[in-house]
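J.: Quick note, the sequences are listed as chains A and B, same order.
The opening residue of the first sequence carries number 1 in the working numbering; numbering runs sequentially from there.
The opening residue of the second sequence carries number 1 in the working numbering; numbering runs sequentially from there.
In case anyone wonders, no lab produced these hints; they're calculated from the structure.
Incorrect hints may appear among the rest.
Because identical chains cannot be distinguished in the list, a pair is counted as satisfied if it fits within a single copy or across any two copies.
[Stated by the list, open to error] Pairs of lysine-lysine, BS3-like flavour, derived with a Cα cap of 27 Å:
#1 LYS188 x LYS151
#2 LYS400 x LYS476
#3 LYS400 x LYS418
#4 LYS115 x LYS476
#5 LYS391 x LYS57
#6 LYS51 x LYS356
#7 LYS384 x LYS517
#8 LYS356 x LYS79
#9 LYS458 x LYS422
2 protein chains.
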Amino acid sequence: MSITLFDTTLRDGAQTEGISFTVEDKLKITRLLDELGIHYIEGGWPGSNPKDIEYFKAVKGLKLKKAKIVAFSSTRRPKVKVQDDKNIATLLEAQTPVVAIFGKCWDFHVTEALKTTLNENLAMIKDTVSYAKAAGKEVVFDAEHFFDGYKKNPEYALKCLKAAEEAGADILCLCDTNGGSLAYQTQKTINEVKPHYKTPLGIHAHNDSECGVSVTGMAVHCGCTHVQGTINGYGERCGNANLCSVIPILKLNAGINCVTDKQLKRLTEISHHVAEIANLPLSAHQPFVGRSAFSHKGGIHVSAVAKYPETYEHIKPELVGNERRVTVSELSGISNLVYKAKDYGVEIKKDAPEVKELIRILKELEHQGYQFEEGEASFELLVKRALKKIKPHFELVDFKIQNSKEGDLPTFVEAQIKLKVKGQILESRGEGDGPVNALDDALRAVLEKHFPELEQVKLTDYKVRVLDSQAGTASKVRVIIESSDESCSWGTVGVSTNVTEASWQALVDSFEYKLIK
Amino acid sequence: MSITLFDTTLRDGAQTEGISFTVEDKLKITRLLDELGIHYIEGGWPGSNPKDIEYFKAVKGLKLKKAKIVAFSSTRRPKVKVQDDKNIATLLEAQTPVVAIFGKCWDFHVTEALKTTLNENLAMIKDTVSYAKAAGKEVVFDAEHFFDGYKKNPEYALKCLKAAEEAGADILCLCDTNGGSLAYQTQKTINEVKPHYKTPLGIHAHNDSECGVSVTGMAVHCGCTHVQGTINGYGERCGNANLCSVIPILKLNAGINCVTDKQLKRLTEISHHVAEIANLPLSAHQPFVGRSAFSHKGGIHVSAVAKYPETYEHIKPELVGNERRVTVSELSGISNLVYKAKDYGVEIKKDAPEVKELIRILKELEHQGYQFEEGEASFELLVKRALKKIKPHFELVDFKIQNSKEGDLPTFVEAQIKLKVKGQILESRGEGDGPVNALDDALRAVLEKHFPELEQVKLTDYKVRVLDSQAGTASKVRVIIESSDESCSWGTVGVSTNVTEASWQALVDSFEYKLIK
Numbered sequence: 001m002s003i004t005l006f007d008t009t010l011r012d013g014a015q016t017e018g019i020s021f022t023v024e025d026k027l028k029i030t031r032l033l034d035e036l037g038i039h040y041i042e043g044g045w046p047g048s049n050p051k052d053i054e055y056f057k058a059v060k061g062l063k064l065k066k067a068k069i070v071a072f073s074s075t076r077r078p079k080v081k082v083q084d085d086k087n088i089a090t091l092l093e094a095q096t097p098v099v100a101i102f103g104k105c106w107d108f109h110v111t112e113a114l115k116t117t118l119n120e121n122l123a124m125i126k127d128t129v130s131y132a133k134a135a136g137k138e139v140v141f142d143a144e145h146f147f148d149g150y151k152k153n154p155e156y157a158l159k160c161l162k163a164a165e166e167a168g169a170d171i172l173c174l175c176d177t178n179g180g181s182l183a184y185q186t187q188k189t190i191n192e193v194k195p196h197y198k199t200p201l202g203i204h205a206h207n208d209s210e211c212g213v214s215v216t217g218m219a220v221h222c223g224c225t226h227v228q229g230t231i232n233g234y235g236e237r238c239g240n241a242n243l244c245s246v247i248p249i250l251k252l253n254a255g256i257n258c259v260t261d262k263q264l265k266r267l268t269e270i271s272h273h274v275a276e277i278a279n280l281p282l283s284a285h286q287p288f289v290g291r292s293a294f295s296h297k298g299g300i301h302v303s304a305v306a307k308y309p310e311t312y313e314h315i316k317p318e319l320v321g322n323e324r325r326v327t328v329s330e331l332s333g334i335s336n337l338v339y340k341a342k343d344y345g346v347e348i349k350k351d352a353p354e355v356k357e358l359i360r361i362l363k364e365l366e367h368q369g370y371q372f373e374e375g376e377a378s379f380e381l382l383v384k385r386a387l388k389k390i391k392p393h394f395e396l397v398d399f400k401i402q403n404s405k406e407g408d409l410p411t412f413v414e415a416q417i418k419l420k421v422k423g424q425i426l427e428s429r430g431e432g433d434g435p436v437n438a439l440d441d442a443l444r445a446v447l448e449k450h451f452p453e454l455e456q457v458k459l460t461d462y463k464v465r466v467l468d469s470q471a472g473t474a475s476k477v478r479v480i481i482e483s484s485d486e487s488c489s490w491g492t493v494g495v496s497t498n499v500t501e502a503s504w505q506a507l508v509d510s511f512e513y514k515l516i517k
Numbered sequence: 001m002s003i004t005l006f007d008t009t010l011r012d013g014a015q016t017e018g019i020s021f022t023v024e025d026k027l028k029i030t031r032l033l034d035e036l037g038i039h040y041i042e043g044g045w046p047g048s049n050p051k052d053i054e055y056f057k058a059v060k061g062l063k064l065k066k067a068k069i070v071a072f073s074s075t076r077r078p079k080v081k082v083q084d085d086k087n088i089a090t091l092l093e094a095q096t097p098v099v100a101i102f103g104k105c106w107d108f109h110v111t112e113a114l115k116t117t118l119n120e121n122l123a124m125i126k127d128t129v130s131y132a133k134a135a136g137k138e139v140v141f142d143a144e145h146f147f148d149g150y151k152k153n154p155e156y157a158l159k160c161l162k163a164a165e166e167a168g169a170d171i172l173c174l175c176d177t178n179g180g181s182l183a184y185q186t187q188k189t190i191n192e193v194k195p196h197y198k199t200p201l202g203i204h205a206h207n208d209s210e211c212g213v214s215v216t217g218m219a220v221h222c223g224c225t226h227v228q229g230t231i232n233g234y235g236e237r238c239g240n241a242n243l244c245s246v247i248p249i250l251k252l253n254a255g256i257n258c259v260t261d262k263q264l265k266r267l268t269e270i271s272h273h274v275a276e277i278a279n280l281p282l283s284a285h286q287p288f289v290g291r292s293a294f295s296h297k298g299g300i301h302v303s304a305v306a307k308y309p310e311t312y313e314h315i316k317p318e319l320v321g322n323e324r325r326v327t328v329s330e331l332s333g334i335s336n337l338v339y340k341a342k343d344y345g346v347e348i349k350k351d352a353p354e355v356k357e358l359i360r361i362l363k364e365l366e367h368q369g370y371q372f373e374e375g376e377a378s379f380e381l382l383v384k385r386a387l388k389k390i391k392p393h394f395e396l397v398d399f400k401i402q403n404s405k406e407g408d409l410p411t412f413v414e415a416q417i418k419l420k421v422k423g424q425i426l427e428s429r430g431e432g433d434g435p436v437n438a439l440d441d442a443l444r445a446v447l448e449k450h451f452p453e454l455e456q457v458k459l460t461d462y463k464v465r466v467l468d469s470q471a472g473t474a475s476k477v478r479v480i481i482e483s484s485d486e487s488c489s490w491g492t493v494g495v496s497t498n499v500t501e502a503s504w505q506a507l508v509d510s511f512e513y514k515l516i517k
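Just chain A, with the same shape it has in the complex (with noise of 0.2 Å):
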């Protein structure tokens, strides 16, 4: 069986709120889309601004392996005729290979929203398809609504198709516009369809009910052989079918060989590329492509999986270019920990006293909140330290955080330090923006005339958790402190009740962090 691939991450995926492609941003997705083996890449609508009329003259620079450009439009306007419909000019004068165009196929539609009749709307859809075939276009015809369509007049759905099929359209796309079809609707539905037309069915779903994908994979084992979608499932409301999933589905479950391996390889640095130029943070839990996609937490699935990973993996993470991860956690066991330690580079048994008494220090760290997945800095110097494997560089002698306010003008903010360093003891004051920011700089001060080495950590991401915010102002936060220096960065956790002390221990850590490296 062969697929097509047709992405609308520049078109329907660029409806996101939240999203706003430049021309020069569509240029670069356009170029991993076509690496990523993409068949059809509809780069815009050419009729409704002219952001998508500059890029589709920019796109005729690129050279590209294998996508055709498409371009899309409506059909034309009712009462119009198609010649001198404004909209299909400059549809064609995109000069792509393919044209997509939707047309209505939900009578309702037709008559409330277009205020035109049913038979103008037959004619609508066979004027413009004709018209682009005859300018030599490849035609997708995108049934706007067609499963709602359905439902509620299948003959006229069924005569819309039919239309686009008469006028030569290449390929009749039926779509769940609204995405309120479950898989096993969309399953019906192509089953009574499907024998009417020649003509090769696509699919393009929306995910208003969650169902994008699997409603996409049903289309296809239903005989649909062209599939739309978007890159991270892009589109607005709820979004697209999400072709980072649909890919690997029907690489690798359905067994059709829609990319390569190579191709499919490149996927979640591809998702994750697409969502950086979207300016969007990709959930850690997004199948396939995901930071935790591969993830395990619980002890019983992390001892497994370190024997066979099929045990809790669907599929080898490997061939979507994702990686295994075994994260921290109070419902780790033993394997957890001695995984982990290796590592770090410390060999230890998995019955040495020292394992069960770091069990019950992490266990009892956690039950006062301390959480290691996003702190493993912090967990590796926990566990290095309770082996005995390092000492601590410097030691806190006192130290003295003052904040003062007067009226309305900002807080004023003073840090005093006392260390213990290679047997002397130093002081150092700093100034801040806040009170964790005065310790940092007076913790600095002191402590880069000792290592300098410390003057490449930059901390680059500082987060606070209220762990029982029911106490109110006396709640314990837990802090995550997020370092890097040149070459990798690193991860450090504290919790007290007091922000200040909390900051101190992950500020700490990052420190002690960078000098046993």
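Using the hints, position chain B against chain A.
T.: Just chain B now, with coordinates in the frame of chain A:
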């Protein structure tokens, strides 16, 4: 058709990377699930960690409307008598009316992960289920890896279910533990399996193929009457079937009355509340409950939706407690403001000059990171201050907060404050668990003498969000404080690079709001 909803947010959902529920969190979620109309609430695995044992003790104190609490465990260990198995003893000690017992159904797992014989595994299932039944429990048998096992060795997978049925299991729940099944595969399997059993079947799906919700819908379509899932689809790796999508699909699309109309209307609120407790951001694009789930950006959609919502909405958003959103223009900003002010008992005209000024201030504050959705009392104070409807009850002269730490001892915090109240200068000092707590203490010591009604004010929630976390310890933070007295609760907000300053703003607003009420 009647369906039972089984929520495992507190057990499988707690496996989510980034989630770490306290016992208090779990109790809060339990209450919310009960209000949503969930029939079974799986609270945890008492044999796996002490926190869950604590939860089962505490949950007995809750008065639930309908939900039954479930404790989870594996079957007994191989070659151990069920009455001698510690895990099983702990399970029964949880004293829940229902237990969920998971047993292996995939031959490969039995021989390779459990390292036992196929027959012993059948005995483990039978013994454990019988033992729980004899103890008077309602038993849900979770058939782990059922779909994968059935694919590899259907005969053995069926035997495992039969063992549970013969031992008296009340529900046989088919688990797609690795989340690799697609809707049409689930359909085929359930259609083959169902005729073999009289016991009701259940479905427990994971989302590794982004099909968790769809597979669940399909299973119900094929006759499963028990549905497992989690709020917001929390769960290990890519999560479990998302009940926030499954419930509205069952109720509104499949017409199954699994919750009442009134309960369904609370879906959006409960989804957001659980996300808040989990301290994870909720995707704006999450189906049904996301902020953008019914938002319209495209011009065509907006004008059509204005006339006929069903043109681009698969359900009415208010049915799930969500709302339609259209890209906000400046005009609607003003309309909102006028609407809100009226709520506060302040009549203003759209074209009044102070409205323009208020909009300007508001935009500036939102740009700085203030967010008034959770801090609406601060918004009300802002409006009333700008319109000169209120005057402050007290003014800060100055405060000083000192944090000091010596060696490994806990940090000591002391606050001194000087206020002007009714023309008098008043001083006080306070101590606390952290700088904000100490400030709260000192502030109350002064104010409660002059405004005894402040004694009723309890701070019930305290949240800190880092806004620009790339700035490290110099990041801006937003503090939200929830306060309540005997009759109502209110939220206030403060923003600063200094957490003490931001907390101060929110504290002052909290007290001022009480005083103007």
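J.: Does each hint fit the structure? Answer for all of them.
T.: Hints, verified against the model:
1. Taking identical chains as interchangeable, the C-alpha atoms of LYS188 and LYS151 lie at most 27 Å apart whether they share a chain (11 Å) or sit on different chains (25 Å).
2. Proximity of LYS400 and LYS476 under a CA criterion of 27 Å is satisfied in both settings, with 21 Å inside one chain copy and 22 Å between copies.
3. Proximity of LYS400 to LYS418 under the C-alpha cut-off of 27 Å is found in both arrangements, the shortest distances being 9 Å within a copy and 21 Å between copies.
4. For the homomeric pair LYS115 and LYS476, neither the shortest alpha-carbon distance inside one copy (54 Å) nor that between copies (44 Å) is at most 27 Å.
5. With identical chains, the CA atoms of LYS391 and LYS57 are never at most 27 Å apart, being 49 Å at best within one copy and 41 Å at best between copies.
6. Taking CA atoms no more than 27 Å apart as the test, LYS51 paired with LYS356 passes between copies only; the shortest distance there is 18 Å, against 53 Å inside one copy.
7. Taking the shortest alpha-carbon separations for LYS384 and LYS517, only the intra-copy value of 12 Å comes in at or below 27 Å, while the best inter-copy value is 56 Å.
8. Proximity of LYS356 and LYS79 under a CA criterion of 27 Å is satisfied inter-copy only: 25 Å between copies versus 77 Å inside one chain copy.
9. Taking identical chains as interchangeable, the C-alpha atoms of LYS458 and LYS422 lie at most 27 Å apart only when both belong to the same chain, with a minimum of 24 Å there against 48 Å between chains.
In the structure shown, a violation is registered for the earlier hints numbered 4 and 5, in ascending order.
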